[in-house]
Amino acid sequence: MGVKPVTSLGRSGLSDWLIQRVSAVVIAVYVLVMVGYLAVHPDLSYLQWAALHQQFWVRLLTLATVLAIAAHAWIGVWAVLTDYVTVRLMGAKATVLRIALELATIALILAYVVWAIEILWGA
Amino acid sequence: MLNVSVYRYNPDVDSAPRMQDYQVDTGGKDLMVLDVMELLKAQDPTLVFRRSCREGVCGSDGLNINGKNGLACVTPLSECVRNNRLVLRPLPGLPVIRDLVIDMGQFYAQYEKIQPWLINDTPAPAIERLQSPEEREKLDGLYECILCACCSTACPSFWWNPDKFIGPAGLLQAYRFLADSRDTAAEERLAELDDPFSVFRCHSIQNCVAVCPKELNPTRAIGHIRTLLLRSGT
Ligand code: SF4
Ligand code: SF4
Ligand code: FES
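Line by line, the protein sequences are chains A and B. Residues 1 to 123 in the working numbering are what the first sequence lists, from first letter to last. Residues 1001 to 1234 in the working numbering are what the second sequence lists, from first letter to last.
So that you can see chain A by itself, here it is in the shape it has in the complex (with noise of 0.2 Å):
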C-alpha cells in the first residue's frame, strides 16, 4: 500500500516534485530578469521602474512568480512540517500542532498571493 495524505498539493509525489522543479525555474527566470533590468539602467528613476511594472508581460510574469513562490512555499513547508512536526517525534499533540501550523501556512500565502494581485492590477 502506498502512502496517502491528504493535504500534500498535488496528491501525488511526482506531480509535487515537478511543481518544485517548475516553480524553481520560473523563480530563478524572475529574478534573472530584474536583477539583468537593475544592472543595464544603474540611474533608475520611480517612473521607470513603475512604467516597467506597467507592461504587460512584466505583471504576467510577476504573478506567474508569485504563483510559483506560493506553490514552492507550501510544498517545502509541508515536507518539513511532516518531517519534524510529526507524532514519532513530538507525540499525540503533533497533529494539532501540525494542521494548525499548515492552515497558518495556507493562511499567510493567501494572503501575499491576493496583496500581490492586488498591487499588480488593483486601481
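Just so you know, the hints here were simulated from the structure itself, not pulled from any lab data. Each hint should be verified, as a subset may be incorrect.
Pairs of lysine to any residue residues, derived as SDA-like cross-links and limited to a Cα-Cα distance of at most 25 Å, are as follows [to be verified]:
| # | chain 1 | residue 1 | chain 2 | residue 2 |
| --- | --- | --- | --- | --- |
| 1 | B | K1113 | A | S15 |
| 2 | A | K93 | B | W1160 |
| 3 | A | K93 | B | P1095 |
| 4 | A | K93 | B | D1163 |
| 5 | A | K93 | B | Q1106 |
| 6 | B | K1068 | A | Y84 |
We have chain A; now place chain B with the ligands onto it with these hints.
For chain B with the ligands alone, kept in the frame of chain A given last:
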C-alpha cells in the same frame, strides 16, 4: 591498548542507555572492528551484538562505528579509529532491543512493501525465464544488497518517517525489480510508489551512498525510479 566506548542498554535492568568504556589489547594489529568486539565479549560476556558470517556477506553486524554506519566485520581499525578511540553504537533511528542489537522490524516492513519478488503471470516456460546478457547486466549494482540497513539508518528522511518513506535499501530493491526484464508488474509497482513519501522523501543527500559497505548507489536507483514515474505519469 585501544580505548573502546560501547553503547549499553538492557531495558530489563537499565532505566536509560549509557556508554561503557573498555580497554582492549589489539596486539598492535590492524584488526577488524568485529575482532575487537569478540575480545570485548571475552572480557564482558554481558555485551550483546549480532554477527554471523564475519566477511561482509550476511549483513547482520551493521553498527555505528565512530559516527559512521558500517559492517564491523569488514571495517579495519585503521579506517575508523582516531586518537586511539573506538566508539560503537547501534545503527541510529531504530528501536534498540539490547546493547548493539536493534529491532529491524520497520526496515523489513518497508522492504516488504516493494514486493521483493518477481511478478510474472505469463505461463512459465519449460525450463526457466531467460535473460540476455544485456538484460542481466541491468541488475548489477542492485542485486548485491545484503540488507544490512547501514544506508537506511544513515538517512535523515528514514529517521523522520520510517513508517512512510521506503528508505534507500528498499528503494534500491524496488528498482532491482523494476529493472528486471522478467518482471511484468512495473505499472503496479510504480503506482504504489507515486505518493509524496515512499520515494519523494528522498532529497538526494547521499548519506546512503557514503556508507554502503557494498559500494552500491541507492541515490542513483532512486533517480531511475523518479524517471520511470515521470515517464509513466506525464
Ligand atoms: S544498499 Fe548497501 S547499505 Fe543499504 S542495505 Fe544494501 S548493502 Fe546495506
Ligand atoms: S540520497 Fe535519499 S535515500 Fe539516500 S540518504 Fe539521502 S535522502 Fe536518504
Ligand atoms: S558478520 Fe556478516 S556481514 Fe558482518
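query: Quick one, are A/K93 and B/D1163 close enough, alpha carbons at most 25 Å?
result: 19 Å, holds
- prompt: When you check the alpha-carbon spacing of A/K93 and B/Q1106, does it fall within 25 Å?
  reply: 23 Å, holds
task: With a cut-off of 25 Å on the C-alpha distance, tell me whether A/K93 and B/P1095 pass.
output: Distance of about 22 Å is within 25 Å: holds.
task: Take a quick look at whether A/K93 and B/W1160 sit within 25 Å of each other, Cα to Cα.
output: Holds. A/K93 to B/W1160 sits at ~17 Å (cutoff 25 Å).
message: Please verify whether B/K1113 and A/S15 have alpha carbons no more than 25 Å apart.
response: With a Cα-Cα distance of about 22 Å, the restraint between B/K1113 and A/S15 holds, given a limit of 25 Å.
query: Regarding the pair B/K1068 and A/Y84, is the alpha-carbon distance no greater than 25 Å?
result: 23 Å, holds
When each numbered hint is compared with the structure, no violation occurs for any of them.
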